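J.: Given next are the chains, with one letter for each unit.
Protein chains: 2
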Amino acid sequence: MGKSEFELIDWIQKHSQLQDADVELGIGDDMAILAVGGEKLLVTTDMLLEGVHFDLNRCTLAQVGYKAMACSLSDCAAMASVPLAAVVAVALPNHMSMKEAQELHGGLQQAAKQYHCPLVGGDTTSWDKPLAINVTMLARAMGVEPVRRSGARVGDAILVTGELGGSLQGKHMNFTPRLREARALAGLADLHAMIDISDGISSDLNHICTESRVSAVIYEDRLPLSAAALAGKDPLAAALHDGEDFELLFTVSQEDSRRLEALWPPHWQVRLSVIGTMEPPGNESESAIVLVRRDGRREPVQPGGWEHFRG
Amino acid sequence: MGKSEFELIDWIQKHSQLQDADVELGIGDDMAILAVGGEKLLVTTDMLLEGVHFDLNRCTLAQVGYKAMACSLSDCAAMASVPLAAVVAVALPNHMSMKEAQELHGGLQQAAKQYHCPLVGGDTTSWDKPLAINVTMLARAMGVEPVRRSGARVGDAILVTGELGGSLQGKHMNFTPRLREARALAGLADLHAMIDISDGISSDLNHICTESRVSAVIYEDRLPLSAAALAGKDPLAAALHDGEDFELLFTVSQEDSRRLEALWPPHWQVRLSVIGTMEPPGNESESAIVLVRRDGRREPVQPGGWEHFRG
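Protein sequence lines, in the order shown, are assigned to chains A and B.
Take the first sequence: its letter number 289 is residue 289 in the numbering used here, and every next letter is one higher.
Count along the second sequence starting at 1, add 1000, and that's the number in the numbering used here.
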């Protein structure tokens, strides 16, 4: 359609009515925030499509169900919120058997149990097309102010959990949403901005820069490359641009950054890496992200993650 | 797949974890009910598929957007709840232009404004398959106990709003969700059970009978046939079995039924019809619904509405 997904989202954001007093935050972050009964209620919706987000020749239906829940759980983590409940709608291919539909449900249910987020409702329909599955998840703030994309400040340290790149080699079907880590980070530090890496760090860090009106400098030698990225042809490109890492990317003050590094529990076996610093905004024509290579060269990084719309 | 959609829903209901203290009502009604901050929060999700729920050769994309919202608004009406906010996920065909995507959004937004239910979040993706659109809607009880399917009592009058049958001739793309009527009914009477007619009255009244463990007698001469049903070959069958009427079907005491008939505002131009009575449950082998024909003959009615799974 010649326009990127992000341009459409920009347009929708401008043309959606958000004056309702109960809406604290609308389209454009990982979750919307509503005020319900004095509580902050968060909501996210994600559609997964056969052939786009999963390949049934390379994974089981149970894995698809797990991934559908885990993507939304990762959004809950990105806001440092606590999952409350989920509803699921599926469009099943006509040829799918009852047993296969139950296998899909088993994967959904596994994630629901593991992360204490019960499935409370759904919609089942079928057609002569591939599988589509949509999860909408509700979450609660539970005493932690939801962390938005827009709060990064000049001088902040930029951190990331886990390892980056090569997720499509396997991790994207069985990743661990960083719910535990997000709540721990929010308890230990004042998180200024956070996002989960779904489109690749070059896109998702760019979202934080745009929403926070800052720019970013990141360092090649600090990027935590995954084994899958290292096994590929271009580990650096994989770490920057591969989609579906589902790690947390966030910014805090330098002081908080040092504290987090010191306090981070090694037995969690999840790395915590400081990858760069937030800088003042540059010219609009410039890239919001600069990568400092191992030899000291500075290179602009264009958002190059996984966009579903292609021109 | 040889099993009906309802059988799968039964199976899912049995195999979903619902012990969470915050979940008041799970899978199997028009909306799930959660306890959030001392309030009752309701949630429903619905997926609409090109070629199943709409035909782009016979409707506009704006109508598709409107219908996607209106189906969920009708679920809110069925629980006598007040819409709070919606999130929308779309799978757009690759060939769709930015202008077409905006037209779809225009229809969603029209319903959002008309029924005071802001769009607060979404997910946009694309594939080389037909359009799929999923709406998840949140609603509040706002002082009215949500009306379930399970509360019908022996002796209750069975009532229906509007007219029945022939919705696929046009109404299904531009119907009015009965939000106003539902809140008025809940204010004027003690609603024992309610559902919106999405699969046809023979299926949806059967849901109330099953959930409430009662049976129903309805009268041919009291069924409010729509002009579209009357223009067809078999108006009675259309009124009983056609899907997507999106009218309210509910039960109240005989006393409340008389009061509702007396108080119903004629200027609303929405009919209110008493179509039958709730009876004690019959044998399991019998149909839960009996139709009394104009000549006094009693005929069992099998659930025959629109099921998306076909064997």
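If you are wondering where the hints come from, they were derived from the structure by calculation, not from laboratory data.
Bear in mind the structure is a predicted one, so any value in this text is a computation, not a measurement.
Check before you lean on any hint, since a few could be wrong.
What the hints assert, rightly or not - Here are some, though not all, of the chain A residues that point toward chain B, as calculated from beta-carbon distances under 10 angstroms:
| id | residue |
| --- | --- |
| 1 | D29 |
| 2 | G51 |
| 3 | G121 |
| 4 | P266 |
| 5 | V270 |
A virtual CB, placed ideally from N, CA and C, is assigned to each residue, including glycine.
J.: Starting from the hint list further up, note which numbers the structure goes against and sort them upward.
T.: Result: hints 4 and 5 break, sorted rising.
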